[in-house]
Each structure stands twice: as structure tokens, then as C-alpha cells.
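Residue numbers (this note's numbering), protein chains in the order written: chain A, 53 to 407; chain B, 53 to 407; chain C, 53 to 407; chain D, 53 to 407.
Read the hints as simulated data drawn from the structure, not as lab findings.
We put the beta carbon where it would ideally sit given N, CA and C, even for glycine.
Treat the hints with care, as some may be off.
[Stated by the list, open to error] For each label pair, taking beta carbons as the anchor points, the in silico distance ranges come out as:
no., chain 1, residue 1, chain 2, residue 2, range
1, D, Lys319, C, Pro213, 40 to 48 Å
2, D, Asp98, C, Arg406, 33 to 41 Å
3, C, Lys146, B, Lys319, 53 to 61 Å
4, C, Lys363, B, His140, 23 to 31 Å
[What the hints assert, rightly or not] Partner residues are not named here, just some residues of chain C that face chain D (Cβ under 10 Å, in silico):
no., residue
5, Ala114
6, Phe124
7, Gly126
8, Thr162
9, Ala198
10, His199
11, Val257
12, Glu271
13, Ala303
14, Gly307
15, Phe314
16, Lys324
17, Gly329
18, Leu332
19, Gly333
[As the list claims (entries may be wrong)] Here are the simulated lysine to any residue pairs, SDA-like style, with alpha carbons at most 25 Å apart:
no., chain 1, residue 1, chain 2, residue 2
20, A, Lys218, A, Ser144
21, B, Lys127, C, Val315
22, B, Lys217, B, Asn264
23, B, Lys246, A, Leu306
24, A, Lys239, A, Thr110
25, D, Lys320, B, Ala84
Listed below, chain by chain, are the residues.
4 protein chains.
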Amino acid sequence: MAGSTFGKIFKIATWGESHGAGVGVVVDGCPAGLPLKEADIQKELDRRKTGQSKVTTTRKEADKVRILSGVFQGKTMGTPIALWIENHDADSSKYELIKDLYRPGHADYTYQMKYGMRDYRGGGRSSARETAGRVAAGAIAKKLLAHYKIKVIGYTRKIGPFSAKKIDFNEIERNIIRCPDKAVTDKMIDHIMKIRKKGDSVGGVVEVIAKNVPAGIGEPVFDRLDADLAKAVMSIPAVKGVEIGVGFEAAEMLGSECNDAFVLKGKKISTKTNHAGGILGGISNGENIVLRLVVKPTSSINKTQNTVTQKGKKATINVEGRHDPCICPRAVPIAEAMVALTLIDHVMRQKLSRL
Amino acid sequence: MAGSTFGKIFKIATWGESHGAGVGVVVDGCPAGLPLKEADIQKELDRRKTGQSKVTTTRKEADKVRILSGVFQGKTMGTPIALWIENHDADSSKYELIKDLYRPGHADYTYQMKYGMRDYRGGGRSSARETAGRVAAGAIAKKLLAHYKIKVIGYTRKIGPFSAKKIDFNEIERNIIRCPDKAVTDKMIDHIMKIRKKGDSVGGVVEVIAKNVPAGIGEPVFDRLDADLAKAVMSIPAVKGVEIGVGFEAAEMLGSECNDAFVLKGKKISTKTNHAGGILGGISNGENIVLRLVVKPTSSINKTQNTVTQKGKKATINVEGRHDPCICPRAVPIAEAMVALTLIDHVMRQKLSRL
Amino acid sequence: MAGSTFGKIFKIATWGESHGAGVGVVVDGCPAGLPLKEADIQKELDRRKTGQSKVTTTRKEADKVRILSGVFQGKTMGTPIALWIENHDADSSKYELIKDLYRPGHADYTYQMKYGMRDYRGGGRSSARETAGRVAAGAIAKKLLAHYKIKVIGYTRKIGPFSAKKIDFNEIERNIIRCPDKAVTDKMIDHIMKIRKKGDSVGGVVEVIAKNVPAGIGEPVFDRLDADLAKAVMSIPAVKGVEIGVGFEAAEMLGSECNDAFVLKGKKISTKTNHAGGILGGISNGENIVLRLVVKPTSSINKTQNTVTQKGKKATINVEGRHDPCICPRAVPIAEAMVALTLIDHVMRQKLSRL
Amino acid sequence: MAGSTFGKIFKIATWGESHGAGVGVVVDGCPAGLPLKEADIQKELDRRKTGQSKVTTTRKEADKVRILSGVFQGKTMGTPIALWIENHDADSSKYELIKDLYRPGHADYTYQMKYGMRDYRGGGRSSARETAGRVAAGAIAKKLLAHYKIKVIGYTRKIGPFSAKKIDFNEIERNIIRCPDKAVTDKMIDHIMKIRKKGDSVGGVVEVIAKNVPAGIGEPVFDRLDADLAKAVMSIPAVKGVEIGVGFEAAEMLGSECNDAFVLKGKKISTKTNHAGGILGGISNGENIVLRLVVKPTSSINKTQNTVTQKGKKATINVEGRHDPCICPRAVPIAEAMVALTLIDHVMRQKLSRL
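Same shape as in the complex, but just chain A (with noise of 0.2 Å):
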């Protein structure tokens, strides 16, 4: 029922399988004024594609996005955006092969339980094609929010054992992983690359950062920011944990090492350390807000792997193809954009907070 809504204020709806006629999202709740083109979206959906570099699968899709409504004269209207990015690559016949096939890691078997039916082709509604209409969406989302100076900015913080231990936001796209720290850029880039070999993949940790939220941001009791924020990087796929600020250190920390002392910065209250991530009982504290979310590795790999068909019968499966090894490096924009997609909606919401 209807799960493909997200947001109150600023509402999106996306649409679209694999191997339809694209993917796209109408974005309901856009306020009129904002000055938008597609190139604004273009430019996010190029850092998603396909293709970009040797880190991620070799398909190529163009992804070019169309504005088809609520644009005029350069400024959105109020009225809803219709973004379609239009499928090209639809070679479907590979998966013929495997129609009856579950394979494992993937939604094949959850969806046919679900719905009765799946479209089996690149995995239908549930192939990552479809994070395409969050990105394009989320670019908006990021141009309203930088209308209240509000950015939003990930990278990928670990890959296997390997982890950023220095953030320097100049560096992360300069490299293809988009890594914040130049000396362990090349050592995650050569683990990709030789686990891609084995015909294997391999996970990693995605953090994404928001600077300038203000503080009072987020509606307890239950859209808190970081339960809002937490909902939204659990929804991208893959996806199998969201941490904000110390995250699960906390479980070894005593209180008097977790709470953030305030102090004044200025005539500005701040806190000593951001051990909560920006966010305290659900709302913004004026921090930056942190948060993490792990990838697992891509579920297709080249590796012939135990799995039922869709009778139950035993049969094993190789998922051929060309697969990315790593999801990190194109889940750094979806991961941005579904924060921004939150963000906006909960600055709008604080506009109806106070008398």
C-alpha cells in the first residue's frame, strides 16, 4: 500500500522499474520561487549514474532527466515537478536465464511473496535504478535547502577494514571512490578492485554530514529528526544500519564522557563536542548533524552461490554481469539526497512551530 510517498511538506512520489520506460518522481509541496533547471538535477544524477568510473559496473545509462511540469520561466510555480530519466539500456533477455530463479541477497523472493508477481527483469521496482527519481528529487531538495544555507555533504568512510580517519571535503571528489581522506583513498580503491577480480563484492560505511542546520529543527515525539533521518538512509537499498554522532560507541561510553557540555562560542551556544551528531531529543541543536549508514556488499556476484528456484526446487545461480563491486561510491549521492529530501521537510515543518 502506497509505500513509494515519502515526506509531509515536501512530498515526493517516485515511480519506475528496471526495465520500464524510466524511472521518474512527482514532487508535491516544492514552495513557488525557486529558481531550477534541469541541469541542477543533471548534475546529481551524473555523480549516481552508472559507469562513472572503474569502481562501479561498466553499464552505461545516460540518465538524462526532463523537467515535465510545475517550472516556469526558470522558477518553480508551487505546482507539483514531474521528473522522468528515461530507460535505454533495456536488454532484459540475461534474465530470461534466471526468471525462476531466487536470487540471493536480492528481493526476487520477498517481492514474489509480496505481491503474488515480480517483474524479473534487472529486479524490477527494487533494482537500484530507482534510487535515480530520489537523487533527482533530493536535487531539488538540496537547492531549497541551500536557500537557507543549509549542505548537505557525504563520502564514503570505510571500505572492508579500511576507514577515513580524516575528513577534508576538498578531496572527496577528486577520487573515484569519493574518500574525504587522500592517504587511504588508494588502499579502499585496490581492495575493490582485487575483490571485483574474485568476481566478489565487499561493503562499507557512508557518512554524510548537514552544516548550518539551525538549532530547533524536528518534531518529537516520533518525526524526530534522527528517527525521520534514520527512516530515510534505511529506505536506500542495501542499506543495513544508521548511526548519528557517536552512534553505537555509546553502548561503551559512560554519561559523563557521552554528554556534550554547552559552552559559548561567541554569544553563540554550542557544545564543547558533537558526540550527538547535531541532535539532541529529536531536534537540531545548531551542530552539524553526523550520521552513518553501512552498506552491504552488492548482493550479484559472480561467484555460483545455493538457491531455490521459484517451485522449491535446490539449483545454484551465477549472477553474471557487470555488477559494482562496491556500492559506496554511488550510494554518497543517494545517501545525500535522501537527508536533504529529509532536511527540507523538517525546516518547513519548523516554519509551523511557533505562534
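Starting from the known structure of chain A, arrange chains B, C and D on it as the hints suggest.
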């Protein structure tokens, strides 16, 4: 804006502050015909209430629930069920002393920035007292899930450095920390008691398992079961992270390790391992749902901390009082409630997925 | 499924039955900082309550409201406001006699068919008693509208064949029928009293005007102001129709008659006539909002009627008791409440329409 | 804010303007397994399209629909269904002349006041062209209703002074005015043609009947079936009123006349009359749902009207062009669509009402 409403089908609206007339909840969307009495709800509230053991706060609140509507002749009628838990411990004098100070780790500052005012008595709406409403509604969700044979079980997985290695469901409610592994229970309790003596607090990890969830539950692409569970538990005060299945371990895994092979158990399609935590592509696969959440150490500590006043002056604060030294034991029923509320919403949504 | 929740921004959830512990409402989404006391709400409830005059039911219910949450130091806090109106007239013995009979015009049969059960005491949830929760929430909406200078005024426009020709706002609360035209007030009252004596009831038309609604309120294409107002008043028990501006007269009008010419009143753009009832394209145009709703004659009459039993046998019924002979006088504050709730939701939504 | 989304279960989001790339809709929440092809939708669009007869506008738009997603192998998949109807009649030059003038009866002024800007070409989003998206989504709703044996039938009940006295369903689609009474069809058409010649327009009443709706559909107390139907049809451009069953006639009726006696038809509980229009207490009672809506005369007329410019100067305007002299014939399929969308939402919600 309207952040105290949760769920799309089994919808709840909670209300209440720490020092007002009480806390409560309206459940709008419970189907007609479910046997329900106050004792069903009281049982769960008693697991959450204060003063239940030496590892919880020593404050005593009766937390007696009253059903005000929606039940007739022992059954739900399909109409809204209003529940009220009256407040009794209404001594707010001690809060007068700190009403101009922002307590570190608490939501005093962020509520002030959001609403331009706040109820400083016991944290007002940001008090964990609010969760009584969730537990009460969750008790109804649990009863309804039981109708579908689904069971939700939570327990303390980790306190500071001590982790349960074994999960014995029978053990959980036999000890005050709700630990499922007899071997570490005493260590956990000792650890908490030592920290309490120092006026400090400690964090931990709670794990929740849902059994007998049929395959097919969850609504991609945004209202995935994992995404909605993540939101649900992240909305609990003090939770800083959530993970499903292998969670953050996935970052270091290979696809060939992480993928759960499909196997036949008799005629039932199942998976050999459960790294996915029972969810693939945002939809349950019939295995146990397994999720973990990390709770930070209680923010209220009997130690002097640096802070600022509401007027922006440097100050120190010592949050004296009877605080929980560790939130885990009482967080268990709250986490179960949020998982149950999410599951029942999705179980009902699944009725709408196929013709 | 969850039909007792209303509004998107200023969201209310009502609860309660005729013979339970009471009726109430949770208002989730009222901004912080609004001065609010129980008397503000009581004032409106007193206009709705039973036994207020000879043209209403002679049952007496105190309808005392209690604010359970959301208000601190005389102001709303931005957190949910829970209101409770306790039931006192709990004598349900007379309903035992008719518990197997479906009362014509009432919802006994439809509730039974919907839920497979029903609370037969006083109509249960289908009782007009439920509207006390609406009026209580509406009182808060009215206070909030007053902050924006918007005023909502309702009155009885027609009873049987007698219509008010003149609208004198000062007259409305001076007479027991809430008629704005002194010349027909007595005729209306006499008409009702005559019908009451025969054990019968009569219908009527209520008109509601909203003044000072600025141009620009309403959210096409579905959440138009007129559409949401129509839903709001049609959700009141016994309402069978709603019209805006010229309403059903438009069927016989020409475009050249019906169009309201734009004119300048000083520097303000206005319209020469107000056939549109203040709404163009679903958005307010700055003129008075004018809507009318028709209420059917009270279904409970002291006359023998044909019906069937729950088991499907022919029967007759006479719904003895103290019924309103005409719903209009008490429907006026209910209609005002529903209009106010709709308007405040839209006034707040408008804050989100432009950059 | 997000006003172009409709429905809770079978949720639609429409988009598009009169002179953009087209209009469309995303249906999020259609269950899997419904046979669906473009022809099913085209059939309904053809009933709405321009240029279909001498009583409609002579503009010609092909209104060809394309299914972009959600259907595989001829069946819905449970995933979002995106529909696109491309615009072709894109000549907007004539609108340049009146872009600074507010057309009386139109939404030019109110859109400008709401959004601070507007697309003046053909009314932009406020154009009735937008309703093509509704009709397209409604066609799917109708197919789904047919699965439950429910049929929605609309027709022109009244044009100016001429009313259909007899309802012959077979007659409706045989005449260009969609009138069910052969005896008045020609009078209605003549009336329209005479008014058209004068450059003027005329209003009318459309009636919609839903057959075979089982008892028990509707969600009190706010999402009553009548309330949601009222919103649905009132959201159609030019509609100024809606009534159910006896509607506004109820004002002059007595309870003893208005109440529908329950009777047995065989073993089925039914009512002797259907003054209620099939709805009691907001829930269907198993009789035909009967509702009427009034449409105002088309606002665009070839006559000189007084107005003001955007800058606030007095002016006159003559909205030349090819306008519908009467909206009724083309409003019939739109009204049916809105009723169908409301009904399917409620039919599906009913699956959740009982254990």
C-alpha cells in the same frame, strides 16, 4: 507540526508531559473484535515503570492505565481507543532550581530553540515518561500481532563492555537487567552498580527479535519494513543507532559471505544463514526479524558538568535526583512496543497488496 | 481504519462514545505560544451542550472540559493538547430494550455491518455526543484564527420553510435558534415546537461565514479550500449537503451573471459580487467565505416506524426519549468548529507555499 | 503544500499544466494482479476530451495516455503506476495578451496571491486540463471496483432550467450531453447552443450513482464516505455544491418523512426509500450511493467583463477562444473518476476494520 502521531493504519497519537495530568495515547485504527482489558496493557506498563529494581531509578510511579473508550463488552469496537495513565509524582520543586540551565545531553536547549518556551519540570514532553503512552499502545499492537502468531521479544544485548553471547528467551525476565545470557547477567549488573555509585551512567545495546513474521511484509521503496523499524526505534529517547541483521559488520564482509543462500526446510523456502535479519529489499523473508539499537548513557548524572544558562552565561550543573544508571532494562519494553507498532501497521498494510 | 483523525498540520484525533468514560480529543500540531485556558474551550462547549433551551433535547450534560496536556503557564507549548469531557448521563437501560433493533435514519445497521458489532447504548461512537470533541478542538482553532484576525460565524439560515432574509450578526446569539433575522426567529421556533409536540422532527440549513481570510489560502488541486470545507462539514452527523457561494443556484445561472467582476476598493483588489463565496480555483480570494450545509431532521422520533431486527425479522420501533426536534441550533457551533479547523490547517499550510 | 495528492490507500499524485509537457499521475497503492492496458484508460479519457461534440469546446487534444510503469505482462505489479498524457495544443500566444489581466471566475488572481507568480498560459495548473490525470487514475479505480462488482455511473441531471425526470442508464452515452432522459435531451442541447451563440455559458447539475457498494464502507467520524465523496467532487474545478440523497430538500422534511424504513427484500436488509442516498452515519448501507454536484457556468465567456490588471488598474477583458459553453457533459467522466477514486480507497480500508 504534529509529530506525536505514528503509524498509517494502526495510528497512534500520544500526549502528555512529565508533570502534567498524565500521559496517554489514542489508538485510531485498531480493528474491531480484539479482546482487550486493562490488565493486558498494565502488564507491559509494569515492565517499563520506575522503581522496579536496583538498576533503575528509585522514583515510584504507579502507572495505572485506564481505558477511556473504544472497548465494549471486553472487545475493541473499531473506534478509537483512548488510554490514560495519570501522573502522581508531581513534585516539581527541584526543577525550579535548574529551570534556567540547559542540562547537557537533554533536550532543554533544543525545545527552547524550537518552541521558544519549554516545560522545565522533569523535561516536560521530552521526558522519557512520554514512552508510557507508547508502551500502552504497543501492548494492544502485541495482542493484535499475537492473533497473527507474531511475537516480539526484546532483551539487553550489551552493557558497557559486557555482551550476551547466548540468547535464552526464558532467561530474559528472570533477571533485573533483562539479559538473555545467564553467564553475563551479574557482570552487567555489577558494572551498572559501580557506575551508579560514582554518580555516573552507562550505555548499552538492546536487541529485538520478531518471530513468525510471514514473508511479504513491508512496503518499498520508502516504507520498507527495515526503514520503518529504524524510524520507530530511533524515535525512542537516547537511541543513537539501529542495525538489522549483521548491521555494521556488513562493512567488512564480502558478498559471498553476506548473502544468505536460499534453502529448503521441508517444503518451506528459507535461508541457510540470517545475515539479512529477516528483511530483503525492505520486505520480510520469513526468517526472524533481528534488530539492535544502541542507547546512550543516561544524560542525568550526579556530577558537575559545564553548561550555560538560558540567558547565555557560563554555569555548572549537577543533575541530582534518582536517575536510571542505565536505560537498557526499561528500554526493552519500549523497544518491543515500537517494533510491535511498526509490525502491526505493516501486517495490516499487506492485506492491501494483492487483488 | 483510522478515520477519527482530521487535519494535516493542525491535526486532531477524537475519541469517545455516548456511554463510555467520556469524549475527548488530542490536538497535535498547535503552535507554541498561544494563550489558552479551559474557559476558552468551555465557552464553545456551552453553545453545543444539551438542555440549553426548549428547542433542544432536555437531557442535561455538564460537558466540563479538562486540559490534560500541552499547556504550561497559560500558553500552548507546541506539544499535543489532550482534552477530556467526562460523561455523566450514563443511564443506558433504555437502550437495552432496542438493542436488537435498527433505528431508521441512525447508524445502528451500518456500524453493525462495518465492524460486526456495535455499542448500542446511545449510538456509541455514532452519537452526536462525539461532536463535543470537535467543538473543543475547534475552540482552539478559533483562538488561533483570531491571532490572524480571522473570525468564523455560524447561524441558522433556514428551518423547514422559514428562511432568514437578513443577516444581523448581533442577533444570532440573542435567540435560542441562532437565527440572524429577528423577523423570522419566532416563526422558526413555533414551527419546531409544533413539530416536537407531534413527536416529529424537522431539518434546516446552517450558514457559516469566515471573515478576513486573506487571499491565497487553499491547496489545489485536491486540498482546495472548498473541497476541504465540504469534507469538514459533511462529516458532521446529519449533514446531507454543502454549497459554497451561490451553490446550487449556479445550475440556472449564465456565466455573465455568475462571474464576479474584479473591482478596486481603494487599492485592494476585490470583487463586485461574491457569488463565488470567497473561493476561486480552490483558493480564497479575500472576500468572505460563505458556505451552507443542510441538516436532515433528527432521526430519533417519537413515532412508530417500521424496521427489522438484527436477526432479520420485521419489527416496529418508537425511539422514545428526549431528542432535539431540530438539530440546527446545536449544529451551529459544530459547523463553526469544523470550518475553523479546516481554515487554520490551511492558513498554516500557506506559510509553506512560497520561498 | 502538497495538495495534489489524493487518497490514503489508493493514493494518487497528479501533475501538469495546460501548456507544459503534459499532465500525468502516479498511482501509488494499486494492488498487484489487476489486468490493465492503456485502452482501459484511453476509453475514459476519450469521454473527457475536448472537441467531442458541438456542446464542448472545439479545441482538439489527442489525450493519448501512456503507461510508464507499474504494469508487467498485462497486470499491475503493486508498484506505482505512472501515466502520462502529452500536451500538443501548445499555442500560448493568445495568452500573452491577457497575461496581466485577472479573468473573472478564474483562478488567475488567487494563484497569483498564493504563489506570488503563475503560469498564465491557459490557466496553468488551474486549467481543467489537469483533470485528465484524475480521469486516467479513475479509470484504474473503476477497473478495480469492477473486481468488487461496483459500478459508478454519472450523467447530466440538469442544465439551466431543464432537469432529467427519468434515469435511463442506456440513454446516457447515446447523446452528447450525457442526459439519461430522452425527453429533455434536445431541450438541454438547444439551451446550450443558444447561450453559446451569445458568447455566454450555463451551469448544470451532474448526478453520480454507485451500484453494488456493500454495506459497511466508510470510516467515521471524519473519513465518512459522504464526507470523502463531498471533498472528492468539490475538488473538481467549477463545482460549487454537493448533496447526498435528498440533499438540500431535507431542510423542509420531517423526520417521519425523511427516515428510510428498514425492510426485508428476501433475506437482505434493505430500506423502503433511499432518502439517505445509500449512506447512514457516514457508512454505506447497501443501497445505491446517490450524489449530485452543481457546476457553475464556464468562467470563460466571449463577453466584455470588468476586471483589474495585475498592477491594480481598472480594465476590461473578453476571454475569446473556444470554450465549453457548459461543463456538464465533460464533467460527467471527471465526477465518476473522483467518486471511483474515493470508493476504492474506502473499499480497501474496509479490509482493515475487523479482526
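These are the hints, each one checked on the structure:
no. : hint                            : in the structure
1   : D:Lys319 - C:Pro213: 40 to 48 Å : holds (41 Å)
2   : D:Asp98 - C:Arg406: 33 to 41 Å  : holds (38 Å)
3   : C:Lys146 - B:Lys319: 53 to 61 Å : holds (58 Å)
4   : C:Lys363 - B:His140: 23 to 31 Å : violated (48 Å)
5   : Ala114                          : violated (22 Å)
6   : Phe124                          : violated (29 Å)
7   : Gly126                          : violated (30 Å)
8   : Thr162                          : holds (4 Å)
9   : Ala198                          : violated (22 Å)
10  : His199                          : violated (20 Å)
11  : Val257                          : holds (5 Å)
12  : Glu271                          : holds (3 Å)
13  : Ala303                          : holds (5 Å)
14  : Gly307                          : holds (4 Å)
15  : Phe314                          : holds (4 Å)
16  : Lys324                          : holds (7 Å)
17  : Gly329                          : holds (7 Å)
18  : Leu332                          : holds (5 Å)
19  : Gly333                          : holds (2 Å)
20  : A:Lys218 - A:Ser144             : violated (43 Å)
21  : B:Lys127 - C:Val315             : violated (61 Å)
22  : B:Lys217 - B:Asn264             : holds (23 Å)
23  : B:Lys246 - A:Leu306             : holds (12 Å)
24  : A:Lys239 - A:Thr110             : holds (21 Å)
25  : D:Lys320 - B:Ala84              : holds (23 Å)
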